[in-house]
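Protein sequences, first through last, are from chains A and B.
The first sequence stops at residue 191 when you use the working numbering, and every number in between is there.
The second sequence stops at residue 191 when you use the working numbering, and every number in between is there.
Please note that a few of the clues may not be correct.
BS3-like, lysine-lysine: derived pairs with alpha carbons at most 30 Å apart [what the hints assert, rightly or not]: (1) B/K26 - B/K8; (2) B/K75 - A/K53; (3) A/K75 - B/K53; (4) A/K176 - B/K59; (5) A/K75 - B/K75.
Partial chain A-side listing against chain B, Cβ under 7 Å, derived [to be verified]: (6) P89; (7) L121; (8) F161; (9) A172.
Because the hints were derived from the structure by calculation, they are not lab data.
Just so you know, even glycine gets a beta-carbon here, dropped at the ideal spot from N, CA and C.
Protein chains: 2
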Amino acid sequence: MLKKLGPKPYLFPMPVLLIATYDENKRVDVMTAAWGGVYGEEKLAVDLDPHHKTFANIKLNKAFTISIADIPHLKEADYLGIYSANRYPDKFDRSGLVAAPSEIVSAPVLTEFPITFECELEEIVEEEKDAHVIGRIRNTLADEKLFDESGKIDPTRIQAFVFDTFQNGYYAIGEKVGNAFCDGNEIAKKE
Amino acid sequence: MLKKLGPKPYLFPMPVLLIATYDENKRVDVMTAAWGGVYGEEKLAVDLDPHHKTFANIKLNKAFTISIADIPHLKEADYLGIYSANRYPDKFDRSGLVAAPSEIVSAPVLTEFPITFECELEEIVEEEKDAHVIGRIRNTLADEKLFDESGKIDPTRIQAFVFDTFQNGYYAIGEKVGNAFCDGNEIAKKE
């Protein structure tokens with residue numbers, strides 16, 4: 001039986017994304033977001049509360065980076081989602097994380113994270129309660145340790161985790177359960 | 001060391017989403033997509049190739065549903081991502097899956113899946129190669145079996161899985177590794 005819940009954004013799994021920007025004093029700010037996704041071959045979209053410092057920073061610099069949070073930095077990632085840079089301007093310094101300037105866009109790169117997208121602001125769609133920030137990926141950075149012998153990224157090496165919007169849990173990526181563009185062929189052959 | 005890969009949409013974890021629509025003959029069509037995310041409190045965005053039958057169907061009906069794929073239907077979900085309804089109009093029938101009309105929007109609901117978003121088409125942003133389809137969630141359906149004793153959805157009961165864009169693998173959701181809006185407090189107290 002399906003229960004009707006009204007309109008709820010209960011997508012799952014949700015990624016845990018770190019959005020890094022510079023403020024007006026070139027100070028690093030980072031916030032955590034789950035409401036985002038791929039918005040085309042070279043674009044990402046994230047949904048932000050326009051009151052966030054991050055939003056002002058993105059407007060200012062027309063750039064940001066998005067890093068994929070990993071389990072070794074879970075506490076830091078969570079911290080960056082709890083505290084506001086509007087109230088705590090030294091928020092990032094207190095995280096103990098490391099940032100270096102992007103070589104491509106006017107935004108910091110969190111160098112300890114496995115994958116980072118260096119994005120130029122493409123468009124902001126502002127609505128009453130939220131703002132959709134669309135970034136054009138100018139470059140993707142990946143830690144060399146992620147690559148396996150075949151030269152491809154091994155997703156288990158990312159050590160990414162999932163945010164659960166229902167009970168506010170974080171979950172690891174589990175065991176392999178199938179092969180995309182392959183397992184479905186069995187179904188097609190039927191009949 | 002971070003390697004520069006050029007612009008790549010290497011977001012991870014990626015969800016596995018089933019987009020269900022009716023065609024011009026009210027025949028059910030379903031395709032699988034990974035490029036999507038929450039686009040606000042009551043909106044979802046998915047990125048589609050405009051050549052997909054699904055795209056024509058969404059334009060026709062101004063509606064679609066999105067279901068979260070689960071491990072018990074992994075093969076079916078994969079199949080729906082491999083085969084095109086443009087070439088195989090009986091694609092959905094061959095999947096063996098069950099659909100019922102949504103009570104709210106002009107689209108089918110895949111009743112065997114754990115969570116389904118019944119969406120009205122809000123906007124299509126067409127670009128050269130892809131189309132961003134933004135849906136307004138009119139209602140969210142969740143299987144009653146997902147709810148735990150506290151009345152909340154237990155994310156492990158969804159049995160969702162993750163798509164890996166690097167090597168085309170599917171991965172289960174693993175063990176719990178933390179608590180959001182909680183674990184980060186340790187960091188904040190430092191100094």
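Hint by hint, here is what the structure shows:
1. B/K26 - B/K8: Since the Cα atoms of B/K26 and B/K8 sit roughly 37 Å apart, the hinted pair is violated (cutoff 30 Å).
2. B/K75 - A/K53: Violated, at roughly 44 Å.
3. A/K75 - B/K53: Violated: A/K75 and B/K53 sit about 44 Å apart, past 30 Å.
4. A/K176 - B/K59: violated (36 Å)
5. A/K75 - B/K75: violated (36 Å)
6. P89: violated (14 Å)
7. L121: violated (15 Å)
8. F161: This interface hint holds because 6 Å falls under the 7 Å limit.
9. A172: With a closest approach of 4 Å, the A/A172 hint holds.
Of the numbered hints listed earlier, those contradicted by the structure are 1, 2, 3, 4, 5, 6 and 7.
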